[in-house]
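Student: Generate the whole structure from the sequences, applying the supplied hints.
Taken in order, these protein sequences are the chains called A, B, C and D.
Those letters in the first sequence? Residues 1 to 367, by this note's numbering.
Those letters in the second sequence? Residues 1001 to 1367, by this note's numbering.
Those letters in the third sequence? Residues 2001 to 2323, by this note's numbering.
Those letters in the fourth sequence? Residues 3001 to 3323, by this note's numbering.
Just so you know, these hints were derived from the structure itself, not from any lab.
Fair warning: there could be bad hints in the mix.
[What the hints assert, rightly or not] To give an idea of the chain D side of the interface with chain A (calculated C-beta under 7 Å), a few residues: (1) Lys3042; (2) Gly3064; (3) Met3071; (4) Tyr3072; (5) Asn3102; (6) Arg3105; (7) Thr3107; (8) Pro3164; (9) Pro3185; (10) Glu3187.
[Unchecked claim] DSSO-like, lysine-lysine: derived pairs with alpha carbons at most 30 Å apart: (11) Lys57(A) - Lys2301(C); (12) Lys317(A) - Lys2179(C); (13) Lys3301(D) - Lys1057(B); (14) Lys38(A) - Lys317(A); (15) Lys3179(D) - Lys3301(D); (16) Lys3042(D) - Lys3179(D); (17) Lys3042(D) - Lys1317(B); (18) Lys1286(B) - Lys1057(B); (19) Lys1317(B) - Lys1057(B); (20) Lys286(A) - Lys57(A); (21) Lys1317(B) - Lys1286(B); (22) Lys317(A) - Lys286(A).
No experiment lies behind these values; they were computed from the predicted model shown.
Ideal placement from N, C-alpha and C gives every residue a C-beta, glycine not left out.
In case you want the letters, here they are:
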Amino acid sequence: MDALVPDPASLLPPHPPVQLLDDHGELRESPDFPLDLKDEDFRALYRHMVIARRVDKQAIALQRQGQLGVYASLLGQEAAQVGAAYALAPQDWIFPSYREMGAALVRGVDPSAILHLFRGTWLSNHDPYESNFALLAIPIATQTLHATGYAMAAGLDGRDLVVLSCLGDGATSEGDAHEAFNFAAVFQAPCVFYVQNNQYAISVPLSKQTHAPTIAHKAVGYGMPGLRCDGNDVLASYAVTRQAVERARGGGGPSLIEAVTYRMEAHTTADDPTRYRTPEELAEWKARDPIARFETFMEGQGLLDDDMRAEIDEEAKAIGARMRSQITDAPHPDPMEMFEHVYVEPPGRYAEQREQLRAELDGSEEQ
Amino acid sequence: MDALVPDPASLLPPHPPVQLLDDHGELRESPDFPLDLKDEDFRALYRHMVIARRVDKQAIALQRQGQLGVYASLLGQEAAQVGAAYALAPQDWIFPSYREMGAALVRGVDPSAILHLFRGTWLSNHDPYESNFALLAIPIATQTLHATGYAMAAGLDGRDLVVLSCLGDGATSEGDAHEAFNFAAVFQAPCVFYVQNNQYAISVPLSKQTHAPTIAHKAVGYGMPGLRCDGNDVLASYAVTRQAVERARGGGGPSLIEAVTYRMEAHTTADDPTRYRTPEELAEWKARDPIARFETFMEGQGLLDDDMRAEIDEEAKAIGARMRSQITDAPHPDPMEMFEHVYVEPPGRYAEQREQLRAELDGSEEQ
Amino acid sequence: MAVTMAQALNTALHDAMAADDRVLVLGEDVGALGGVFRITDKLQERFGEKRCFDTPLAESGIVGSAIGMAMYGFKPVVEMQFDGFTYPAFEQIISHLAKMRNRSRGTVTLPVVIRIPYGGGIGAVEHHSESPEAFFAHIAGIKVVSPGTPADGYSLLRRSIETPDPVIFFEPKRRYWLKEEIDLPIETEPFGTAVIRRAGTTATLMAYGPMVRTCMEAAEAAEDEGWDLEVIDVRTLNPLDTPTLVESVQRTGRAIVVHEAQVFAGFGAELAARITERAFYHLEAPVLRVGGWDIPYPAAKLEEFFLPDVDRILDAVDRSLAF
Amino acid sequence: MAVTMAQALNTALHDAMAADDRVLVLGEDVGALGGVFRITDKLQERFGEKRCFDTPLAESGIVGSAIGMAMYGFKPVVEMQFDGFTYPAFEQIISHLAKMRNRSRGTVTLPVVIRIPYGGGIGAVEHHSESPEAFFAHIAGIKVVSPGTPADGYSLLRRSIETPDPVIFFEPKRRYWLKEEIDLPIETEPFGTAVIRRAGTTATLMAYGPMVRTCMEAAEAAEDEGWDLEVIDVRTLNPLDTPTLVESVQRTGRAIVVHEAQVFAGFGAELAARITERAFYHLEAPVLRVGGWDIPYPAAKLEEFFLPDVDRILDAVDRSLAF
Ligand SMILES: Cc1ncc(C[n+]2csc(CCOP(=O)(O)OP(=O)(O)O)c2C)c(N)n1
Ligand SMILES: Cc1ncc(C[n+]2csc(CCOP(=O)(O)OP(=O)(O)O)c2C)c(N)n1
Ligand SMILES: [Mg+2]
Ligand SMILES: [Mg+2]
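Tutor: Below, the structure written as structure tokens:
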């Protein structure tokens, strides 16, 4: 009887989820997931999380003030996003969903660029090739195939490049996620699928989304390793992603990571979560706040003092303020731009339609 | 640390695949898959397989003679199909692909009805409600969702009814298969997914279709049991399916079965397999012929003698002959029927278009 | 009383479920949440989890499993959360939902209704303002409906659930809050008929769903120009009430078809071609088409420059009269 | 030499891969098998598994991953095995392939070609004879092409692979074996232009893909009736060469548009509406549409009664002249 390849045992995720910082911020190192971080890395992780939260808060405020049509908050998922994004090399790519402000900030994307999608100024406003951060994807799970294809291409091209494909727990139910996982595994593409399991798909809880033991167990059926981490533990999120990224970089193929976390805010500013979840549940998760936990650790390690905290808060405020003005002061987009980017070589009728719109605009000015 | 539910260990398929008849036709009973079959059942299984092969042979001949446009042979998969279909109760349903002639025969579907699809007389010619056998499905994996929905409905309705959803190894790559597996598991629908892994999707070998240890391992990610059997062993195919069907009937939810077999013929009569597989490979599998193996067993058990064999061969010939004449003598379909069944309440323009077609028909008759 | 389109639709679902226990409501967030637009509000509370339930996040799965449920004997009413998220279900709709009855020579009938909140004008992010009706109008085997008033919202949805054929039911989401003085239940003109919402003589405006209201506004505004416009609410795109459309144009001699979708290969082309074939000698001008530009739906701040409005419609009337 | 459409397409792929090593060919069975129609025959042998490879059986996966490959810098040419199996990829095509450049304000360009063998007439089983071109013509951001001759098969496919915009390339499968005396490589009329295949005065027939040949046959048969028909090969549905179509109708005064797809909401409606808008006063009869009936594609034995043929086309010319 010949052994199965890959060995199923090697694909099963660890249980319980990998945690390097316990709920009290105590460091519990793991031989399987060694930390290769220096003091400045710890500070950077902290800084990114604080800024992400500030930017997120500011975005919600902007929406309340009518500056944004809608916004999808990452509150509570700062560690999951920052930890994973921090595990990447500069040449690596992220293919995000619409809730990836934290990851975007780590990649150096201007947060106001992201918000313009939610403001409705433009459909996007950053160049993916500058930050190796793809456009936000709204149609659920569709981006996982773009991530896979990009990783397949890097593989064909022999490039040292890893792709982080972000998706949600609900997204794992879509056919596209399945096809992405399968393509990545068949072609052994350098792609890491990073599922932020924040327990809900709008109002639908995980228990109605899948009957799997855990989301990470889905990896087994594709022959890729499944990993699971405490998504409110930035060190675990980092270390687990790091391991998967380095495996992919070394030619070891894709992995599927489940970061167990919680969406503290409404699904979007348009949502009413009181219809589907209890204050008790919310309180439980509030007690597991990712930033507070990391702060305790940082203080314990003497890596964070009041000056430093003040300094980072200042910076975060400044970034939030700049973002706010970039949004509130944003020009009204030029209607004529609607025809600009659809094609490199637009069809002839665009000329007529441009003229017609131009005439409408002139007409309305006259009035 | 609380245990995972369902327990992943309980979902992992047996390895090696369940085999109750070894390659030499020796019975090797298994406590996990007890056989509840009487002598007449063994004879029925044999009879079904012989008839299926005869009908299949006849269908290929009909295609060669220009009576069918194309045909997808089940040669080599008789045991996998007959064993599984035989495990069902009369009220149960089968949702087939296009290669399920063997299963159709077990359900009592008139084989000529199936062939009319391949002949192009009609798009189908059997009433699914008479035999609880759905229409053949050509768009890959789409039928798995109909099977799941039918099983969900039976569940909602509290009916004692199990659905067998047939698909191929290649079909497991489609998004629809993923969504069907997931829906069935989430709603704990009485649905058994039966994958005939015949090693190829047209020219694409399993190794290019998935990187999973086995197809049965895909079950883990949905929280349903994965099972694996020697698909050239009719008793294993029966017993494994039987177990899954009874689990579903008892409210235990869906299962995923992989029947390991081989497509001995071309993908369809239009295919040229010499482009993608070797004679050696073919010879290897020919040596594992499912009917020959079962015959050895039957003889060993004194369940089959020359008279009986002759009798069954006669019956098979007769069925094949009847099918042949039902096809060769089939009337040319009535063009006007094209408008008949599209809607219960057709739009007004159908009347005009019927008239136009009628005029065209009259016109061509005149010439 | 004043009833909104949203209330009318919610009541229609409620009444249909009360009238026939084979009616099921399923989709993403239709249960506890009551749908993101609350069209399924309270249905789960009232009828239980077996009659109204959330599914996993998979549109092909929703439509494909609904097909199986309909084969079994239920009447599933499924919700696609937004127009732009209907596309994953396209194969199940075109290859099975629409074809099953024909493929089975009439033995399998699929009374499935797919509800789709569609169209723009609500300042949404991308993929939430699409008008894909032309795709579905080109598929034989399904019916395509789009109400323009709360009364039709109720009545056409009830009829759509009752009809044994599969129906794609397009709900004009920007009109969910449109009010009408009616009492529910209400029975409007028969399914499959177009309705003259405003009689006129200068030219005929034809629309469905969200643009019906816009055409009525255009007709009012046109009075200042001394134009007396007729407005027809098409109501059902398939079946299409060609006679009513043609008869109107034979009287007015001029027609302008209006929809939000891009004009190129849009449903307006079918209306224009069909009317021209049947009213050729009565036409004083070609049937003109007013719609969105031939581009993807733009960002929210630009939608007012994309969507047809009173001015764009009156410009077309002007051009028609200039012929 | 006599070249078939299939040979022309296969050579075009070969030459494009030889000319630009960013060109990839992927899909189901395109490798060792060379595609079920052998259009990718020998490409893997010649260019290796990294340039031409089989994918798992998943159309959304094929198109979605091709989008990622194009973002990276490759030029993927993907094959959908048959028209009827393109639908699972619909969301990736409409929501991303078509919209990406616009969404990204021009920063992301996707030079992807999706090849689709389409149409009927080969006696195939169901789902293998569909004509879905109208769906794609209604999607902004992609180009839609359908060659009617081997020369165009070669030239338009080369241009489609070169153009930076995404292209849906419809191959008329019943014409794969159509022969033409040409030498490859060949450069035909510019991409985006329609071509007058036969000059005439009585009326204009317009078609693309498989129906071009049928219209030529109709034009020949029409000579017995004393009719001198003009035949235009539309070649690219989007961009559409409206001027050439309009100019022809302004001369002949009559137009009949022909396609295999059902007429209702088909692409013929766009051609009819557009020409009528621009040649209204020149029309002596409404633009008539000839196509399949408004039903699902029938079983093989009935397709001859579904598909437009010389007689159905000439009946339409007759009706046009009767106006
Ligand atoms: C294809 C598709 N279907 C439906 C939606 C509507 N929708 C937006 S977000 C969402 C839930 C997503 O849940 P999850 O994947 O867990 O991500 P999360 O929002 O929790 O981060 C849904 C159903 C969509 N955007 N795309
Ligand atoms: C959606 C879809 N894509 C492609 C095809 C073309 N096709 C027909 S059979 C087949 C291979 C199926 O392989 P598998 O699922 O293993 O079943 P088998 O034919 O081996 O029984 C393909 C690609 C199809 N019928 N449907
Ligand atoms: Mg979630
Ligand atoms: Mg197979």
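Student: Confirm or reject each hint.
Tutor: Each hint, compared with the structure:
1. Lys3042: The hint is violated - Lys3042(D) has no Cβ within 7 Å of chain A, the shortest such distance being about 20 Å.
2. Gly3064: 3 Å, holds
3. Met3071: At 6 Å from the nearest chain A Cβ, Met3071(D) passes the 7 Å test, so the hint holds.
4. Tyr3072: 4 Å, holds
5. Asn3102: This hint holds: Asn3102(D) lies near chain A, its Cβ roughly 5 Å from the closest one there, short of 7 Å.
6. Arg3105: Since chain A brings a Cβ to about 5 Å from Arg3105(D), closer than 7 Å, the hint holds.
7. Thr3107: This interface hint holds because 4 Å falls under the 7 Å limit.
8. Pro3164: Holds. Min distance 4 Å.
9. Pro3185: Violated, about 22 Å.
10. Glu3187: With a closest approach of 18 Å, the Glu3187(D) hint is violated.
11. Lys57(A) - Lys2301(C): 23 Å, holds
12. Lys317(A) - Lys2179(C): 45 Å, violated
13. Lys3301(D) - Lys1057(B): Since the Cα atoms of Lys3301(D) and Lys1057(B) sit roughly 23 Å apart, the hinted pair holds (cutoff 30 Å).
14. Lys38(A) - Lys317(A): 26 Å, holds
15. Lys3179(D) - Lys3301(D): Satisfied, since the Cα-Cα distance of roughly 26 Å is no more than 30 Å.
16. Lys3042(D) - Lys3179(D): Since the Cα atoms of Lys3042(D) and Lys3179(D) sit roughly 21 Å apart, the hinted pair holds (cutoff 30 Å).
17. Lys3042(D) - Lys1317(B): Status violated; Cα separation ~43 Å.
18. Lys1286(B) - Lys1057(B): 16 Å, holds
19. Lys1317(B) - Lys1057(B): OK: Lys1317(B) and Lys1057(B) at ~10 Å, within 30 Å.
20. Lys286(A) - Lys57(A): It holds: about 16 Å lies between the C-alpha atoms, which stays within 30 Å.
21. Lys1317(B) - Lys1286(B): Holds, at roughly 23 Å.
22. Lys317(A) - Lys286(A): 23 Å, holds
Hint compliance for this structure: hints 1, 9, 10, 12 and 17 are broken, all remaining hints hold.
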